[in-house]
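> With chain A's structure known, arrange chain B on it following the hints.
2 protein chains.
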Amino acid sequence: MKKLLLLSNSTNPGEDYLDWPKDYLADFMSGEFKNIVFVPYAGITISYDEYTERLNGALGKIGLKATGIHEATDPVKAIQNADAIFVGGGNTFELLSQLYKNKLVEPIREKLNSGTPYVGWSAGSNMACPTVKTTNDMPITFPPSFDALSLIPFQINPHYTEATLPNHGGETRKMRLAEYLEINQDSTVVCLPEGTLLHVEGETMVYKGKKEGKVLTYGNEERILLDQDIV
Amino acid sequence: MKKLLLLSNSTNPGEDYLDWPKDYLADFMSGEFKNIVFVPYAGITISYDEYTERLNGALGKIGLKATGIHEATDPVKAIQNADAIFVGGGNTFELLSQLYKNKLVEPIREKLNSGTPYVGWSAGSNMACPTVKTTNDMPITFPPSFDALSLIPFQINPHYTEATLPNHGGETRKMRLAEYLEINQDSTVVCLPEGTLLHVEGETMVYKGKKEGKVLTYGNEERILLDQDIV
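Protein chains in written order, with the working numbering: chain A, 1 to 231; chain B, 1 to 231.
This is chain A alone, in the form it adopts within the complex:
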């Protein structure tokens, strides 16, 4: 049974790294995990070692520890031997490119379909979707495809906000997602404001967090998501 924890973001402004989701994480990761594999590929201006260290600083508080996949001589084997997989935020395009380059897309998908727990935040949550077409990130590198892990049947928009900068034009987030739905009319977008997440267990997907989320579809009214709602 698929087990996914898909976070909008790692950290709320002014708080410690991965602080807001730590109770959710501890709950999701209850039991013993000897071999948590962390994929730091989305990190660009931070080294993979530093990124893994930063993660372990946060995981240590709930008794967990991860190993960076960049330390493995055979990354595919590292995935196959993992008893949980964590994928961190950063740049979605670089993350996806590295997953393809290291031939990890299929191995991760198979591993997660067999029930290994997955925790992703920001770009790591985009990765769980059919495609990366609803990322907020800048396309700083060209991946061989926009197809991602397809662990869930809809798209996530992380860091979702309807706030706009005063006296600045450019598209709002809602306009961007309306454009996405115009081009991809059969798709559904789940909007996760910062500090919210989706908890997937098999076919059941539960929205969690204090802020209101949204489900957007082409031409339809938007549906509001509240804490503990089934998506």
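No lab work stands behind these hints, which were simulated from the structure alone.
There could be a bad hint or two in this list.
Which bits of chain A does chain B cover? Going by a derived footprint, with three or more residues having C-beta under 8 Å, they are [said to hold, decoys possible]:
#1 11-19
#2 62-69
#3 169-176
#4 209-223
Dumping the calculated DSS-like pairs for lysine-lysine here, alpha-carbon to alpha-carbon at most 30 Å [unchecked claim]:
#5 B/101 / A/174
#6 A/103 / A/174
#7 B/174 / A/174
Glycine included, each C-beta is placed from N, C-alpha and C at the ideal position.
What follows is chain B alone, placed relative to chain A:
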């Protein structure tokens, strides 16, 4: 001699469509232009007809009129016969995809290298760069390449701003561009705040507008651009 007018944006908040650049446009387009071809492909939630009409509403004020390329039975011929080419904003990925689909990348490049004036705004300015890797747009569709028209040797970031949303995380624009430069270390990014433009005549590129622009390179201090500065 190459002649390009590359605008950050069409319209400042609260103003009429294409109002802020109208004096620059009138100056750039002085003389007689019988056959201005407009490429509306970046428009997603507006039809190509509506987009062309909106443009002509603005161009009429300075005595100009454009024809949408979607009306041409042979778009390549339409480009070859144009005496000016306008490319409007919207979604960069859809615009680039349609240029490839309609086999227009090479014909437009050739035409502009031979001296036909080009006016682009927002996504239309991204198109003039070597790649679309510094667009702010959502990757709602997968183009066959991120390579664009390469009319200038550097990247533009349109709608540039250093403002951030209060109490919202996610990467700032500066962080996104720093990530771009980390992955593309030989590249240069010219940041155009709204209400500013680049005016290119042959090898001379002049920055114009009231707000401060910026030139960003990997590892270097940023260079400030003021009105009439040579880039």
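> Could you work out which of the previously given hints the structure breaks and list their numbers from low to high?
2, 4, 6
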